[in-house]
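Chemist: Each chain, letter by letter, is given below.
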Amino acid sequence: MKEKIIDKGHYVDVPVPEGAVVVPAGSRLAVCYTLAGRHAFVLEAGASLDLCLLAFPGECDGLELSVDLVGEGAEASLSGICVCSEGEFPLKVTVRHRVGGCVSTQLFNGIVAGSARTGFDGRIVVAPDAQKTKAFQTNHNLLLGDAARAETRPQLEIYADDVECSHGATIGRLDESAQFYMQSRGIPEKEAKVLQMISFLSPVLEHVPEDRREEIAARIEQTVRSL
Amino acid sequence: MAENDILLDIRGLHASIGDKEILKGIDLTISKGEVHAVMGPNGAGKSTLSAVLVGRPDYTVTEGSVTFLGRDLLAMSPEERSWAGIFLSFQYPIEIPGVSITNFMKAAVNARRKAQGLEDLKPTEFIKMMKEKMAMVQMKGEFAKREVNVGFSGGEKKRNEIFQMAMLDPMLSILDETDSGLDVDALRIVAEGVNKLRTPEKSAIVITHYQRLLEYIVPDVVHVLKAGRIVKTGGRELVDIIDRNGYDAF
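Chains as they are written, first to last, in my numbering: chain A, 34 to 260; chain B, 0 to 249.
Only chain B is shown next, with the shape it has when bound in the complex (with noise of 0.2 Å):
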């Protein structure tokens, strides 16, 4: 694998939470174009991992490197790291009172344009932007004015995340449980949605607890978290085995 392949590279990583190690030496090394599955029971630190990467600042890592592009990561503030081309899908997306979606998103999109050194977008081009986005995760005119996910379902929640993720097109996506609480529909939609957005430089972690969603994203590589440590990496056939035997095999 050339060195400039490589789009994400963890080593040895340790994190806790207050006195409370979770991540207790994690190695994972994710290259341009690959999709990873990281699967593991309830408290094996999943979740822990995805907000290590995103940087969120209650967990302290204690341990370890991560680099991303070449560049130290947890060197990085959060935005610095969405620029940066790392999004998160959150697993429990946040409420923003009194911001609509489309002020929230023309914040993000032209900070990350003045990080580049590029100027606002246009309000035409934004406007195109945004229907372009709202329509892959089918989403109507109204949703633009919303508040941020005040008032929405759980499947709204879902889409909100992944239509951001498509506004913000990045390299590495995180997808932390998107698949909890959504019904068929709105699984196929997501998943649809994410899927459309895989090039052969994109890459994506799938954290999830069931084999559900990784029927819809086909990962390249399956990665078994235990106790806050990677126990069994494999590929596809590692979903199957999950789904008949659990988590006590490994």
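Isolated chain A (complex conformation) (with noise of 0.2 Å):
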């Protein structure tokens, strides 16, 4: 786990990205999808965003997400189920806290199998005047077998003074003492290591919308067994 600070103490006002969907004040997206390549919402006054990102086999594409909140009280949810398989999965997600009194969150946990390389790329910034700005981010990260390759880069931008900032990560593997303990309790290898993984990426599944929850559940469970 890497973290750094770019350019410390000179905040770059860079503008907010062009043909970014605008989430207008006092009004709530939410959305829960597979999407691929460059994305940008921006956060109006009191505007709340809920974005529960989907990879599955076959659909992980790279993904670059930028969140910008522009209005006091505006409130971004960002979470992610990520199973790669194969292939390069490169997630860029960058949250700017441009005002004060906003709150942001990311939960990103993947599981990466077979000959996969994922890299997550976590940036937070927080302007100089953002004060109260509430910002945490969390990646999880599962590699099944010795090619799977997972890279986490979470870094924090902090300007201004009166915040409340957390980030975590990890990279690991399923735990053997769990794996044995089911065994013997008569849980064959293959559903314990099948029930670890959904309860890895379960977190997550709570961010999901609650209509869509249950296909989305049963996606997981048909895909984890499938590794």
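No wet-lab data here; the hints were simulated from the structure. A portion of the hints provided could be inaccurate.
[Unchecked claim] Facing chain A, a subset of chain B residues (Cβ under 8 Å, in silico):
#1 VAL53
#2 PRO77
#3 SER81
#4 TRP82
#5 LEU87
#6 ILE93
#7 ILE95
#8 PRO96
#9 GLY97
#10 VAL98
#11 ALA106
#12 ALA107
#13 GLN163
#14 LEU167
Where is the CB? At the ideal position from N, CA and C, for every residue including glycine.
With the hints as a guide, bring both chains together as one complex.
Modeler: Structure, rendered in structure tokens:
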């Protein structure tokens, strides 16, 4: 896990990306889908965005996501379920707190299998005047097999002084003691792995809109069984 | 003793972890319906014996044999041993975040049924069975929804082990230091649970450091394990001798 502060003390005020989807003041946008390419969102005062990304094998294309919080009281909740079994999947997420009093949370959990390589670049930028910002970022990666690779680069760039920010990232493998515990209860090795993978992704499932949760849960189960 | 009354037969068992030999020749025969206590000081190899019987991968058996109901136990995977009727109550139960007790037990019960060529248990039957066994260890309804051992107190973890034992209804239960870290009330609940599961056909190995648990679960045979060997085998009277004089006498 690397942490770097770019150009400490010199905030660079880059413009809001062109063609960004604007979530107007006081409104809410909730979406759950598979995305590829470049996408940008701008949140006005009191607006909220719930974005849940899905990337299953065959859909793991590179994605660059940026979210700009430009009005006070805006809230962004970004999450992602990624299961990749081949190729490269770079995921770049930039959240900019341009004004104070906004909240952003990120939770991206990825299972990397086969020969897949994933890279998470998560950047949180808090502008000098964006006091009372709350920004949290989490990225967990589960490696299956020796050929799978994951990289994670969480970055916090904070120019304001009254903020609450945190980030956490892990890269690990299936827990062998839990595996054995399940086997000792008669759960076959393969089934025990499936249960562990489902449980690894389950915190993100809570971010999927309720009406689609069952469908996505079924898709997760089907996908991890095939790994 | 009739040959077909023998449940477990351990002969000349040696086992190591890494380069370190822990079990140095264990002979132990358990017949159906018997409760054996294995007592011994710390580091004697008590937990290693239980780990080897359930096939924990970090231990290597270097010599000897173990047969369970006539089958070569050491050739079986941990899940096959469970299907055959062996159950270990872990000294340190493992947490499995994200997996509910219900889903965990459903997977366990149905995996065994599948191995026996049976259909999955009907949801209503499964729920009924869960409720019945939970009541036995005084666990309330919300328990079924909790993640396996996550945030459980020491007593709850051990009650959860006995609950799982009741659900899986084993032929041989191995209780590894089930009394450690329990207060008197939790100990009584656990012991009552174990006693309710006793039948003339079923056997248990109670591994313990102290005599306390054996006041509740009364053994037929007592073994003293020291430095990887059984140094003394006797009846209940051994428990009192250990209580008075410790293990130095053996």
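Chemist: Please go over all the hints and tell whether each is borne out by the structure.
Modeler: Hints and how they fare:
| no. | hint | in the structure |
| --- | --- | --- |
| 1 | VAL53 | holds, 5 Å |
| 2 | PRO77 | holds, 4 Å |
| 3 | SER81 | holds, 4 Å |
| 4 | TRP82 | holds, 5 Å |
| 5 | LEU87 | holds, 6 Å |
| 6 | ILE93 | holds, 4 Å |
| 7 | ILE95 | holds, 5 Å |
| 8 | PRO96 | holds, 6 Å |
| 9 | GLY97 | holds, 3 Å |
| 10 | VAL98 | holds, 5 Å |
| 11 | ALA106 | holds, 5 Å |
| 12 | ALA107 | holds, 4 Å |
| 13 | GLN163 | holds, 6 Å |
| 14 | LEU167 | holds, 7 Å |
The structure fails none of the hints (numbered hints given earlier).
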